[in-house]
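Protein chains in written order, with my numbering: chain A, 161 to 380; chain B, 6 to 232; chain C, 28 to 272.
Keep in mind the hints are simulated off the structure, nothing from the lab. Computed from a predicted model, the values in this text were never measured in an experiment. Possibly wrong hints are sitting among the right ones.
[Said to hold, decoys possible] If we take Cβ atoms under 8 Å as the criterion, some of the chain C residues that face chain B in the derived model are: (1) LEU172; (2) VAL188; (3) SER203.
Idealized CB from N, CA, C, for every residue including glycine.
Each chain, letter by letter, is given below.
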Amino acid sequence: MTQAHEAPVQGSALEPILVVADLACFRGDRLLFRDLNFNLGAGRALQVRGPNGCGKTTLLRILCGLTEQESGNIHWCGRARARRDSDYLRDLRYIGHNDGVKLELTPRENLRVAMALEGGADEAALALALARLGLADFMDVACRTLSAGQRRRVGLARLTLGNARLWLLDEPFTALDNAATNAVRALIEEHLDGGGCAVLTSHQPLRIDAGKSASIDLGA
Amino acid sequence: MSKHGMRHAFLILLKRDLLLAVRNRGELVNPLLFYLIVATLFPLGVSPDPQTLATMAAGVLWIAALLATLLSLDNLFRSDFDDGSLELILLSPHPGVVLVLAKVLAHWLVTGMPLLVVTPLLAVLMAVPESARATLWLTLALGTPVLSLVGAIGVALTVGLRRGGALLSLLVLPLYVPVLIFGANAVGAAAAGLPVTGQLYMLGAFLVLALSLAPLATAAALRISID
Amino acid sequence: MWTFIHKLGSPRHFYRISGYLLPWLGWATALLLVAGLYGGLVKAPPDYQQGESYRIIFIHVPSAWMSLFVYVLMAAAGAVGLVWRIKLADVVAAASAPIGASFTFLALVTGSLWGKPMWGTYWVWDARLTSELVLLFLYFGVMGLHAAIEDKRTASRAAAVLALVGVVNIPIIHFSVQWWSTLHQGPTVSKLDAPSIHLSMLVPLLIMALAFKLFYFTVLLMRARTEVLERERASAWVRELARGT
Chain A
161 MTQAHEAPVQ GSALEPILVV ADLACFRGDR LLFRDLNFNL GAGRALQVRG
211 PNGCGKTTLL RILCGLTEQE SGNIHWCGRA RARRDSDYLR DLRYIGHNDG
261 VKLELTPREN LRVAMALEGG ADEAALALAL ARLGLADFMD VACRTLSAGQ
311 RRRVGLARLT LGNARLWLLD EPFTALDNAA TNAVRALIEE HLDGGGCAVL
361 TSHQPLRIDA GKSASIDLGA
Chain B
6 MSKHGMRHAF LILLKRDLLL AVRNRGELVN PLLFYLIVAT LFPLGVSPDP
56 QTLATMAAGV LWIAALLATL LSLDNLFRSD FDDGSLELIL LSPHPGVVLV
106 LAKVLAHWLV TGMPLLVVTP LLAVLMAVPE SARATLWLTL ALGTPVLSLV
156 GAIGVALTVG LRRGGALLSL LVLPLYVPVL IFGANAVGAA AAGLPVTGQL
206 YMLGAFLVLA LSLAPLATAA ALRISID
Chain C
28 MWTFIHKLGS PRHFYRISGY LLPWLGWATA LLLVAGLYGG LVKAPPDYQQ
78 GESYRIIFIH VPSAWMSLFV YVLMAAAGAV GLVWRIKLAD VVAAASAPIG
128 ASFTFLALVT GSLWGKPMWG TYWVWDARLT SELVLLFLYF GVMGLHAAIE
178 DKRTASRAAA VLALVGVVNI PIIHFSVQWW STLHQGPTVS KLDAPSIHLS
228 MLVPLLIMAL AFKLFYFTVL LMRARTEVLE RERASAWVRE LARGT
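Same shape as in the complex, but just chain A:
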């Protein structure tokens, strides 16, 4: 059972703000954390730290709505988040442990599906998203032939599709080489500069402008 300390409140009331209050969560019979409170304002990133198994992934999944919390509530842009809130889902991008990439399809085809599911349809944007992650030369080969790092990048390319303001990233830098890690970091910074916010877990230090990021430790 952990109690987490608050990150400082940021941003004005009109800007995207994520407010998490008194969140508690069970996994199986274990109480992972409770009385979790934090606010996240526009342009800020929150890094969730803690040892393996302390609930970092579960916290992200609760924020998505994939997992149900035991108690507590979540507010987005001043509104309480309902259970299946399509507006909230439209504003949200989640990158989980798995890439969400079908091996039999090409990166372009994978992204096309992801885009349609998230509510858009723009071929040019697809190509651009893949290019930003260094996959311009691999857009039309089956993902089965790509390396683990490349597949991860295909999954991450979803981030730049559409206008989601909240990014939830679970270990985004896994399997990425230096160039790709820098590219993703640049993406995140650009997102924050544009007024979005992000919650991410990572074993590596974030190395983003300290003014833009805060962290909480679930293991404390």
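Given the coordinates of chain A, assemble chains B and C onto it according to the supplied hints.
Below, chains B and C alone, put in the same frame as chain A:
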């Protein structure tokens, strides 16, 4: 914009699943072969006498279709569950019901339709009387979508389990009983020259019921499995 | 008022209250069972058609009624647990499944035993027995799903969805099987379809039905108490209980 988006998402997801099936062509043929082989076992195990065959043909073909569908159901959500695509689908702002329907439709096109194509051949092999062949095909055409729709509920409930296969059969086969009864009976009635409109209407009613309720249950079950 | 309902749903209070209720329910069940069996086995006259062998209906029919009643209750409890997240509802649903399955099994066995003197065989594929058999499979499905999922909350939610799907299907299955059996002209098990049933047989039958209901609630409370202890074993009051007694 939202209506257009939903229709677009439905079509893209349908296309995706069909594309995946085509690229995994080898697996496509398994349920079909299963259907053929199981049907073949009956003359071998019971009797090749045309009279006997004619009596049991309807039931045998229906049961073989049931089992072939059951065999193919696991593919419906397993791969998506394993690689994280299922989460993407459930995180879509579009209604889960619509997306589930797209996947189930793709499943039927890939599994049920081939069964329909092969059935006339099997009808000859199993000595189904000429008068009953059209009815047989029609009952399967109405029934196989129901099998896919109802089976999807079972798969959704067991997708998170490691060895969900045996449990899936237990969950789904009792629910198939009404479709089997009316489907097989219609063929028997047609062979005897009796009217079959009642049975066909019942199958149609099952289809409508399954279309309206099964995707709801499936979407709910998926969210539970992925929790 | 709200706190009262909330208390009712609280596992801890349920455990306490059920502890008080249990002996009363148990004795009431025992009394009614004795009364019903006496009325059915001793006092009711032999049937002019079937002689003494009909007496098994005093167990067979209430079992069959209970098998359906428990399934509906299980599905309703599951629905409450799904929609309102009341833990006790999940517990009731989980605890009911094996009891309902047992009633179904009892109905099948007694139906089969009844069949021997009636038709000379232990099993016929008549409408009622076949329906009961499919119902047994539905119960096994729910129990199997419960057992297969490790996390009890998730298991309860999944089983609730399955039970609700089952509840919608039960009338359809029953109707289909009944229709199917009329086509094949099989013998029917029904004593009750006769123009009217004599009062001296009806009264013990109803007493047995009530006794079976009370039996169900008694066993349900017992199983639910155990289930509650298991699900809440991490909580303070359970640990105190384990330490205290």
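Do the hints match the structure? See the list:
1. With a least beta-carbon distance of about 6 Å to chain B, the hint placing C/LEU172 at the interface is held under the 8 Å criterion.
2. With its C-beta approaching chain B no nearer than about 5 Å, C/VAL188 sits inside the 8 Å limit, and its interface hint holds.
3. Checking C/SER203 against chain B by beta carbon gives a least distance of about 4 Å; that is within 8 Å, so the hint holds.
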